[in-house]
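Asks: Please put together the full structure from these sequences, using the hints given.
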Amino acid sequence: MVVTFSTQTTVNTTQALIEVWETLEPRSCPYHYNFHLHTLFSDGRLTPDALIEQAVNIGLKGLAITDHHSVKGYYRAQSRLEYLRYKQPEVVLPTLWTGIEITSDLWGTRVHILGYGFNPEHSALIPYLQGDRPSNGDESAEKVINALHQAGGLVVLAHPARYRQPACRVIPAAAQLGVDGLEAYYAYGNPKPWESSVPQMEEVLKLGQLYGLWNTCGTDSHGESILCGT
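Residue numbers 2 to 231, in our numbering, belong to the letters of the sequence shown in order.
No lab work stands behind these hints, which were simulated from the structure alone. Warning: the hint list may mix true and false statements.
[To be verified] Derived DSS-like pairs: lysine-lysine, alpha-carbon spacing no greater than 25 Å straight-line: (1) Lys73 to Lys62; (2) Lys73 to Lys144; (3) Lys88 to Lys62; (4) Lys62 to Lys193; (5) Lys73 to Lys88.
[Said to hold, decoys possible] Label pairs and their calculated CB-CB ranges: (6) Thr48 to Gln89: 14 to 22 Å; (7) Asn58 to Glu23: 40 to 48 Å; (8) Glu20 to Tyr212: 16 to 24 Å; (9) Ser124 to Thr231: 34 to 42 Å; (10) Arg86 to Gln166: 43 to 51 Å; (11) Thr24 to Asn191: 22 to 30 Å.
Keep in mind that this is a model prediction, so the values were computed, not measured. Ideal Cβ placement from N, Cα and C applies to all residues, glycine included.
Replies: In structure tokens, the structure reads:
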């Protein structure tokens with residue numbers, strides 16, 4: 002199955018994302034939505050097919066695979082969904098958005114930037130789809146954010162309370178460079194069962210409201226279950 006993208010496709014996709022993000026609350030993840038997942042195509046342990054199988058069994062409404070510097074997992078997962086639509090048309094399947102996680106430099110602090118709903122075929126993303134973290138200036142957070150926007154995507158700062166600099170410094174800097182949202186609902190310390198960490202969540206939500214940013218959620222799964230972060 003060949004996935005093709007157009008300007009109208011990405012506009013519709015990002016609008017649908019925004020409509021979902023406007024409804025998110027602490028318990029939206031991991032049983033309704035999950036916007037931070039990894040596969041074998043970066044540093045995860047699940048195949049895209051296995052990840053989709055779990056998403057369907059859980060009853061997820063929507064998700065994004067955010068492999069590091071790669072969209073290969075997205076393409077494989079989208080193919081699996083198309084196969085399931087053909088074989089089991091009666092089954093309600095989740096929406097899968099394009100996603101990526103890019104290691105970036107935000108004014109001297111290494112951060113992870115998430116992109117969603119973008120056109121992965123856009124030339125602006127070439128430096129960020131090589132499987133390794135960008136270099137030679139391409140790692141600049143400003144360049145990463147601009148490239149994702151050029152590709153029609155939305156940009157989110159991942160786990161804002163996990164960096165060398167505190168969230169109260171990192172978030173204003175990211176907002177100044179044009180990020181669209183924050184990963185507000187995130188489980189620091191990987192508790193089981195997964196639960197958004199309250200102190201960090203409250204701080205990020207407050208700062209997000211101050212800067213007019215959307216809130217997202219994700220387990221940041223790297224292991225064999227999409228319901229937890231390990």
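Asks: Hint by hint, say whether it matches the structure.
Replies: Hints and how they fare:
1. About 22 Å separates the Cα atoms of Lys73 and Lys62, which keeps this hinted pair within 25 Å; it holds.
2. Annotation: proposed proximity of Lys73 to Lys144 holds, straight-line Cα distance about 22 Å (limit 25 Å).
3. The suggested pairing of Lys88 with Lys62 holds, with an alpha-carbon distance near 19 Å, which does not exceed 25 Å.
4. As the CA atoms of Lys62 and Lys193 are separated by approximately 22 Å, the hinted pair is consistent with the 25 Å bound.
5. A distance of roughly 23 Å separates the Cα atoms of Lys73 and Lys88; the hinted pair therefore holds under the 25 Å criterion.
6. The given range of 14 to 22 Å is respected by Thr48 and Gln89, whose C-beta atoms sit roughly 19 Å from each other.
7. The given range of 40 to 48 Å is broken by Asn58 and Glu23, whose C-beta atoms sit roughly 27 Å from each other.
8. Between Glu20 and Tyr212 the C-beta distance comes to about 20 Å, which sits within the given range of 16 to 24 Å.
9. For the pair Ser124 and Thr231, the supplied restraint of 34 to 42 Å holds, since their beta-carbon distance comes to about 36 Å.
10. The given range of 43 to 51 Å is respected by Arg86 and Gln166, whose C-beta atoms sit roughly 44 Å from each other.
11. Evaluation of the 22 to 30 Å hint for Thr24 and Asn191 yields a pass: the beta carbon distance comes to about 25 Å.
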